[in-house]
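Asker: Line by line, the protein sequences give chains X and C. Residue 556 is where the first sequence ends in our numbering, and the numbering goes up by one at each step. Residue 722 is where the second sequence ends in our numbering, and the numbering goes up by one at each step.
For the record, the hints were derived by calculation from the structure and aren't laboratory data. The C-beta atom is built at its ideal place from N, Cα and C for all residues, glycine as well. Careful, some of the hints might be misleading.
Among the chain C residues that face chain X by a calculated CB cut under 7 Å, a handful are [said to hold, decoys possible]:
no.: 1; residue: W574
no.: 2; residue: N578
no.: 3; residue: W581
no.: 4; residue: P603
no.: 5; residue: F610
no.: 6; residue: R632
no.: 7; residue: T663
no.: 8; residue: F664
no.: 9; residue: C667
no.: 10; residue: N669
no.: 11; residue: P688
no.: 12; residue: P711
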Amino acid sequence: MNTEARLQRAKDALAPFTRETFAPETNRLDVVIDAGDLTKATAAMLAADCGYLSAITGLDLGVEAGYMEALYHFCDAAAVTSLRVRLSREGQPEIDSVADQVPVASFYERELSEMLGVTVVGTPDPTHLFLPDDWPDGVFPNRRDFKIEDAAPVERDVPKIPEQGRMGNKFIVPIGPQHPALKEPGHFEFAVDGEIITGARMRLGYVHRGIEKATEQRNWIQNLYLLERICGICSHTHTSAYAMGVEKLAQVEVSPRALAIRELIAGMERIHSHLLWLGVVAHEAGFDTLFMYSWRDRETIMNLLEEITGNRVNYSISVLGGVKQDIGPAESKSIHKAMDYLEERIRYYLDIVSTDAMFLQRTRGIGTMTRDEAILYGALGPTARASGLVRDVRLDSPYGAYKHFPISIVTDERGDLEAKFAVRLKELLVTCFTIRTLVDNLPAGDLTVRFPRKVPAGETVSRVEAPRGEAFYFIKSEGGESPTRIKIRTPSLCNWTSVLNKAVGHQLADMPMMISGMDPCFSCNDRMVTVRRKNGSQTMSWFDLRAYGIEKYKSR
Amino acid sequence: MITTPNFINKVVTGITTWARVNSPWIIHFNSGSCNGCDIEILATLTPYYDIERFGIKLKGSPRHADILVCTGPVTRQARERLLRVYEQMPEPKFVVAVGSCGISGGTFAGCYNVVGHIDEVLPVDAYIPGCPPRPEAIIDGVVKLLNHLKEGTRPQPIRPEIGDHA
Ligand code: SF4
Numbered sequence: 001m002n003t004e005a006r007l008q009r010a011k012d013a014l015a016p017f018t019r020e021t022f023a024p025e026t027n028r029l030d031v032v033i034d035a036g037d038l039t040k041a042t043a044a045m046l047a048a049d050c051g052y053l054s055a056i057t058g059l060d061l062g063v064e065a066g067y068m069e070a071l072y073h074f075c076d077a078a079a080v081t082s083l084r085v086r087l088s089r090e091g092q093p094e095i096d097s098v099a100d101q102v103p104v105a106s107f108y109e110r111e112l113s114e115m116l117g118v119t120v121v122g123t124p125d126p127t128h129l130f131l132p133d134d135w136p137d138g139v140f141p142n143r144r145d146f147k148i149e150d151a152a153p154v155e156r157d158v159p160k161i162p163e164q165g166r167m168g169n170k171f172i173v174p175i176g177p178q179h180p181a182l183k184e185p186g187h188f189e190f191a192v193d194g195e196i197i198t199g200a201r202m203r204l205g206y207v208h209r210g211i212e213k214a215t216e217q218r219n220w221i222q223n224l225y226l227l228e229r230i231c232g233i234c235s236h237t238h239t240s241a242y243a244m245g246v247e248k249l250a251q252v253e254v255s256p257r258a259l260a261i262r263e264l265i266a267g268m269e270r271i272h273s274h275l276l277w278l279g280v281v282a283h284e285a286g287f288d289t290l291f292m293y294s295w296r297d298r299e300t301i302m303n304l305l306e307e308i309t310g311n312r313v314n315y316s317i318s319v320l321g322g323v324k325q326d327i328g329p330a331e332s333k334s335i336h337k338a339m340d341y342l343e344e345r346i347r348y349y350l351d352i353v354s355t356d357a358m359f360l361q362r363t364r365g366i367g368t369m370t371r372d373e374a375i376l377y378g379a380l381g382p383t384a385r386a387s388g389l390v391r392d393v394r395l396d397s398p399y400g401a402y403k404h405f406p407i408s409i410v411t412d413e414r415g416d417l418e419a420k421f422a423v424r425l426k427e428l429l430v431t432c433f434t435i436r437t438l439v440d441n442l443p444a445g446d447l448t449v450r451f452p453r454k455v456p457a458g459e460t461v462s463r464v465e466a467p468r469g470e471a472f473y474f475i476k477s478e479g480g481e482s483p484t485r486i487k488i489r490t491p492s493l494c495n496w497t498s499v500l501n502k503a504v505g506h507q508l509a510d511m512p513m514m515i516s517g518m519d520p521c522f523s524c525n526d527r528m529v530t531v532r533r534k535n536g537s538q539t540m541s542w543f544d545l546r547a548y549g550i551e552k553y554k555s556r
Numbered sequence: 557m558i559t560t561p562n563f564i565n566k567v568v569t570g571i572t573t574w575a576r577v578n579s580p581w582i583i584h585f586n587s588g589s590c591n592g593c594d595i596e597i598l599a600t601l602t603p604y605y606d607i608e609r610f611g612i613k614l615k616g617s618p619r620h621a622d623i624l625v626c627t628g629p630v631t632r633q634a635r636e637r638l639l640r641v642y643e644q645m646p647e648p649k650f651v652v653a654v655g656s657c658g659i660s661g662g663t664f665a666g667c668y669n670v671v672g673h674i675d676e677v678l679p680v681d682a683y684i685p686g687c688p689p690r691p692e693a694i695i696d697g698v699v700k701l702l703n704h705l706k707e708g709t710r711p712q713p714i715r716p717e718i719g720d721h722a
């Protein structure tokens, strides 16, 4: 089915609710609907199989316009259908929750309500997701008239973080927000009944800095460097997604060579990210040898990135209109050499994770997610592909050089942790192959083209496959030197739903592996975890919990 | 550091300093960084850079740690946590700020959820600049701190000048 047919299908499904439609780009359809019809429209979209809810953008059109919009973006391969719901800026705008149909929407709705000040009626958890607990009421950062002075902390009597405690005959185990082996902090609460988890909640926002708002105060070029620093692991993903979107808005054609170099760096980023993940999960399983091995081998790719771009982490290779550095014969030689080494190592790791009996005990049949569950929870990237759900922007909606250098997709039907290892490691082999093809067949062309300082007014959606799944960007320009709104939805946010839902019924001892199994972008660098034992309660740190998990499996 | 004329005290101080210099345990706290610095810190612990040869070990609990390694600007939500981790550490404790964000707020200076840089919240003993600093730079910073510990002094870092860029 081609994109037009897909858009037509969505158009037909939405016909009863449609107020107005626009087709801002060839692969997009915007449908204005009434707030009251949202749940019905969502149901119609899902029933007609018109894709998955990828993000919700809250857009304030300013005091003059007098209204705001909530955009529900549904992605169906390359087609993006956005339901636009108009909301009044005055009073207390309300919108119905769609979280009962799309579980992952509960995160988006929490974000929408705290950032834009929309009350989402019926959302399962209306508390803050990103903003601090001492945030004043009635101040919403994504409103145009937001002033930083208004956001001064207020004294509030909320328990900062529920430390530990009982809920009926259940016990709440808080984990987070600090862990040395991982990245950003997050906070989790698991309700446990003995060893078994019966409920899970999470709180983010420990690393929420307010980047979306900050983009509005910086110009188009500065934003490239700001967005690169959303995540030090997939920095290139963010610059590519942003550059691609802005180039689309400015109607600048980037040379094929620059696009190919971007894909090349994206491949190398994927290798470094997956090897990092392999190490971290192996560490959680108590297999530190594998952790050290994979991080040692990861240095090969870090050195390569440094050789090509000059930086190890924030590569800054993309600029608006192209890339900064070229790949010469010397670089291609080192790339081939590094790939030789890495391919051999990856085969070795693949062998270990699929044959080592001890390791398989920790991974086989743990956290199994079926394909239907993956669809329901809106899983993305390798987490979805390990459940047999083919969801990959590089395949669904080939962008940049992926049109000419397609990749092959690795999937697995099993859906457990073992499958996640298999998918990620095989993906590495595929990536190595793609990188070799790219360096051998780099198209000719200039590295950069001229890029205007002001970007014409318009809106665009740009989607890129990050190592962890689809990254979604919505960019709006009003013709100025800086963007009006940039909405970013990173893949980890979607995958959380799947982990939190899958946690229920598992043993607490499996949690460290399951959480890192989806490769979250969080650092849970803490602290006190209380586990209820028969002989009363006992306090554990995340480290002890990990050790406890390892111990438990050893003694079986 | 403690100085008493007492001979036994002198010996004990010598031993503790020796132990401290040879096994400084660190705890790492991310108070709002982009992960860039964090993965570089982790990379220094792994075989290629191998900071463990200085006896440095990453600990999970603040109560075991001598050095607090901080990354990132301090966000409103993380501020209280950062202070708490610091308070839980036993004396004498040292703070190392890694990365431009931790030093000045970096790219995130002026964002609405950022309280500021690390030394607005904690006393910092060493600054390691870079975005992110290379693992070699991190090792260099830590070794400089260790040299101070050996002499029994607290480092007097030159506070980086912060321009009015926010
Ligand atoms: S200094 Fe740079 S790499 Fe380090 S946390 Fe800040 S933005 Fe990330």
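Asker: When the hints from earlier in the document are held up against this structure, which numbers fail?
Answerer: 1, 2, 3, 5, 12
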